[in-house]
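Undergrad: Listed below are the residues making up each chain.
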Amino acid sequence: MKKFSLTIAAGAFLASAQIASAAEPADILATYADIAEAGYTDSLTTAQTLKSAITALIETPSDEMLDAAKAAWIAARVPYQQTEAYRFGNVIVDEWEGKVNAWPLDEGLIDYVNTSAYGEESDENAFYAANIIANEKLTIGGREIDATNLTPELLQSLHEVDDVEANVATGYHAIEFLLWGQDLNGTDAGAGNRPATDYASGEACTGGNCDRRAAYLVAATDLMISDLEEMATAWGDNGPARAALGDGKEGLGIILIGLGSLSYGELAGERMRLGLMLHDPEEEHDCFADNTHDSHYYDALGISNVYRGSYTRIDGTIVSGASLSDLVRGVSADLDAEMITKLEATQAAMRVMKDKADSGEMAYDQMIGEGNEEGNAIVQAAIDGLVAQTRTIERIVAAIEVDEIEIEGSDSLDNPEAVFQ
Amino acid sequence: MPFSKAFRRTLKGASATLLVSGSLLTPASADAISTEQATALITALTDELVVPAYTQLAEDSSNLSEALKSYCAAPDTDGRLKVETEFHATMDAWQRAQIIQFGPIYEGKGPARFQFWPDKRGTGQRQLRQVLNNQDETVLPSGALAEKSVALGDLQALEYVLFNDLKITASEDSFACRYAVAIARNQEMQTAEIVQMWAGNNGYREQVLSAAEGTDVFFDEKEAASRFLNDMAGAIDVVRLQKLDRPMGLTIAGARPKRTENWRSQRSLRNIRLNIESVEQFLTVKDGFGDLLTSIGKETTATATLELVSEILSDIAAFDQPLSLLVGDPDARSDLESLLTKLRGLQSLVREQLAQDLGLVPGFNATDGD
Numbered sequence: 029m030k031k032f033s034l035t036i037a038a039g040a041f042l043a044s045a046q047i048a049s050a051a052e053p054a055d056i057l058a059t060y061a062d063i064a065e066a067g068y069t070d071s072l073t074t075a076q077t078l079k080s081a082i083t084a085l086i087e088t089p090s091d092e093m094l095d096a097a098k099a100a101w102i103a104a105r106v107p108y109q110q111t112e113a114y115r116f117g118n119v120i121v122d123e124w125e126g127k128v129n130a131w132p133l134d135e136g137l138i139d140y141v142n143t144s145a146y147g148e149e150s151d152e153n154a155f156y157a158a159n160i161i162a163n164e165k166l167t168i169g170g171r172e173i174d175a176t177n178l179t180p181e182l183l184q185s186l187h188e189v190d191d192v193e194a195n196v197a198t199g200y201h202a203i204e205f206l207l208w209g210q211d212l213n214g215t216d217a218g219a220g221n222r223p224a225t226d227y228a229s230g231e232a233c234t235g236g237n238c239d240r241r242a243a244y245l246v247a248a249t250d251l252m253i254s255d256l257e258e259m260a261t262a263w264g265d266n267g268p269a270r271a272a273l274g275d276g277k278e279g280l281g282i283i284l285i286g287l288g289s290l291s292y293g294e295l296a297g298e299r300m301r302l303g304l305m306l307h308d309p310e311e312e313h314d315c316f317a318d319n320t321h322d323s324h325y326y327d328a329l330g331i332s333n334v335y336r337g338s339y340t341r342i343d344g345t346i347v348s349g350a351s352l353s354d355l356v357r358g359v360s361a362d363l364d365a366e367m368i369t370k371l372e373a374t375q376a377a378m379r380v381m382k383d384k385a386d387s388g389e390m391a392y393d394q395m396i397g398e399g400n401e402e403g404n405a406i407v408q409a410a411i412d413g414l415v416a417q418t419r420t421i422e423r424i425v426a427a428i429e430v431d432e433i434e435i436e437g438s439d440s441l442d443n444p445e446a447v448f449q
Numbered sequence: 617m618p619f620s621k622a623f624r625r626t627l628k629g630a631s632a633t634l635l636v637s638g639s640l641l642t643p644a645s646a647d648a649i650s651t652e653q654a655t656a657l658i659t660a661l662t663d664e665l666v667v668p669a670y671t672q673l674a675e676d677s678s679n680l681s682e683a684l685k686s687y688c689a690a691p692d693t694d695g696r697l698k699v700e701t702e703f704h705a706t707m708d709a710w711q712r713a714q715i716i717q718f719g720p721i722y723e724g725k726g727p728a729r730f731q732f733w734p735d736k737r738g739t740g741q742r743q744l745r746q747v748l749n750n751q752d753e754t755v756l757p758s759g760a761l762a763e764k765s766v767a768l769g770d771l772q773a774l775e776y777v778l779f780n781d782l783k784i785t786a787s788e789d790s791f792a793c794r795y796a797v798a799i800a801r802n803q804e805m806q807t808a809e810i811v812q813m814w815a816g817n818n819g820y821r822e823q824v825l826s827a828a829e830g831t832d833v834f835f836d837e838k839e840a841a842s843r844f845l846n847d848m849a850g851a852i853d854v855v856r857l858q859k860l861d862r863p864m865g866l867t868i869a870g871a872r873p874k875r876t877e878n879w880r881s882q883r884s885l886r887n888i889r890l891n892i893e894s895v896e897q898f899l900t901v902k903d904g905f906g907d908l909l910t911s912i913g914k915e916t917t918a919t920a921t922l923e924l925v926s927e928i929l930s931d932i933a934a935f936d937q938p939l940s941l942l943v944g945d946p947d948a949r950s951d952l953e954s955l956l957t958k959l960r961g962l963q964s965l966v967r968e969q970l971a972q973d974l975g976l977v978p979g980f981n982a983t984d985g986d
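Residue numbers (my numbering), protein chains in the order written: chain A, 29 to 449; chain B, 617 to 986.
In short, the hints are calculated from the structure, not lab data.
Incorrect hints may appear among the rest.
What the hints assert, rightly or not - Derived BS3-like pairs (lysine-lysine); straight-line CA-CA distance at most 30 Å: (1) B:K685 x B:K783; (2) B:K874 x B:K783; (3) B:K764 x A:K384; (4) B:K736 x A:K165; (5) B:K764 x B:K685; (6) B:K698 x B:K874.
Claimed, not checked - Some, not all, of what chain A presents toward chain B, calculated at C-beta under 7 Å: (7) E148; (8) S150; (9) D308; (10) E422; (11) V425.
Quick reminder that beta carbons are idealized off the backbone N, C-alpha and C, glycines included.
Start from the sequences, fold in the hints, and give me the full structure.
TA: Okay, structure coming up:
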């Protein structure tokens, strides 16, 4: 795995960087963990607010209540997406992440779908149109499932059922689907348009099984809250995620893996470039809510937060401290300046994309549409920014080598352990 | 991600172990190779492998395009055979060139213009079926496919049109046959463009060869050499994770034959062989990675890597069924698993030992995300 070698290189990097920089790895890692703790705690807080809005919606299924729940979901994405810079590299986060943010999903697993747009079956997924909400008992591929009680445990057991990643039963995107419904507008304007009456009781109920739909939504939200609680705690004092960073040697490698992998393979590649290549409205991260521009924007911001060691919380307070930027500056001021320039260029490109979508002029799924030159160019500019910043992250990893020449024969080269004592 | 979450967990466990042991390795030495040595390496790889690989692909896709035009005008058995031969030649050339993961191939919509695979969501196939069912004429005009979804103009699409149902291209002037011509023509045009972008005046070739002076693309010659090293490692990664592990599944019950690459034209193993042969060429070409290692006294690394490569190639040659059958065959399981293990070993050798010996730093790959 590439991940190994980067880690090794980062270990070497540290050996030399330590000499020149005032920033101690332990301090950098403390800031890093503090930002993670704050970010997951903010995600938890906003998820709890979402839960209140969902409870209100189910009690009074009106358009106003549905809009309030949607607004709460969008607000909940803001801190969560900024934590994605922690996902790669931190084993504890990566193993957990799929429960809350798995994507893309075959939504027919959960609820009714428009079959003319969605189709009725898939070669890849036997649960493609299982519709858990409509079916208390299911037999699929010889497997019997009792879905009478839509509990968090049941949803957990259905998540990635049959070893198919698109069977997403839990997390932000399952909740998103239950609030918005399918976006049937293709690459034309408009998000999903689920009526509030999908949660109405008695004769007013649309879409069938409104009580089960409500139960599913509550269970999925409760589960997400407990998952977020677990991760906020994991980054607290004595938490396992904080502890796993170690004393600095491995930890800086983890940070760099997280920043590079999210920038490049995940965000620039899987989530953005693929959409431009396929010009397909299904290829957007928050496809039901048309919130993808925000999702990407806050991902990029999260990368910058980590590098610069500063995060602005949802209440406006700032968590900051010793950063990777400080350490890199100690090795090469030019390299740090290059990284900051690249991060800011990405932010600016993402801002253009976000403003375009927020203004209502063009949603993300329209931007990636075939023949939309302006939209394609906006998304491509953000991708280019992410790719360019990845190259600088690699240069940061490689900068070590240059430094080692300077310190050849020193303890840091001959006895890498010595400098950490 | 190109591989299952569960498998990823296994890898993550392994990486956690290495996180600790990694720091114990001797750090890569920056002056392991000289500027001249690095420049000789990147010159050899560019002129002996990269440019010839794209030139071959251009030639083959042009032949394919001609063969399809003749066949569609008057479909017959001989014509069909000729088309299949040229399709396989083009695919062979593409699979050899696939290892190159930087430069002009990344312009525009990137390598997926040539092959969008794996199509994990079935998006490409859905789009393709729509074109065929609706006989969507907008794909036919010259240049049209370059603007559309990559899944409509790539070699996967061409394979589907030619091999999913042999009948649809067999009648005179059929839509499917005209569409196949349009795809082949699209491939021909975009490959010619890549050749030009590498080898033309002020082309990418010159960027690579003058890397030591610092260019828009490369900080220095070591960075360029690192890109090639990264490509070797990346090619092994793709074979291991996307082409083998993903269709194999965690257990034999989870085997997914239709996740093998190009199962419709039965060339999954042939692709893998060609990919590994490209890795081998990076090592064996004159002034390539093998010569370079030897010249700095690291012939043991060169020998070990080459031996493992030949072992892997003879293992691949020993299979006597298509991979789509092998993945579900209990008798073949241990052989496939052993192949995976050897590929993992090769991966480590390239990414860790070669990188360390040469003082190079392989970077992030597109497969790093999820």
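Undergrad: It remains to establish, for every hint, whether it holds in the given structure.
TA: Hints versus structure:
Restraint check: the Cα-Cα separation between K685 (chain B) and K783 (chain B) comes to about 17 Å, which is no more than 30 Å; the hinted pair holds. For the suggested pair K874 (chain B) and K783 (chain B), the alpha carbons sit about 21 Å apart, so the restraint of at most 30 Å is met. Between K764 (chain B) and K384 (chain A) the CA atoms are separated by roughly 23 Å; this keeps the pair inside 30 Å, and the hint holds. The straight-line distance between the Cα atoms of K736 (chain B) and K165 (chain A) is roughly 28 Å, inside the 30 Å bound, and the hint therefore holds.
A distance of roughly 22 Å separates the Cα atoms of K764 (chain B) and K685 (chain B); the hinted pair therefore holds under the 30 Å criterion. Of the pairs offered as hints, the one joining K698 (chain B) and K874 (chain B) holds, with about 26 Å between alpha carbons and a cut-off of 30 Å not exceeded. Hint on E148 (chain A) is violated. Least Cβ distance to chain B is approximately 13 Å, over the 7 Å limit. Here the hint on S150 (chain A) is kept, as its CB sits about 6 Å from the closest CB of chain B, short of 7 Å.
Taking 7 Å as the C-beta cut-off, the interface hint given for D308 (chain A) holds, the closest approach to chain B being about 5 Å. Because the beta carbon of E422 (chain A) sits about 4 Å from the nearest beta carbon in chain B, less than 7 Å, this interface hint is met. Among the interface hints, the one on V425 (chain A) holds; its C-beta lies about 6 Å from the nearest C-beta in chain B, closer than the 7 Å criterion.
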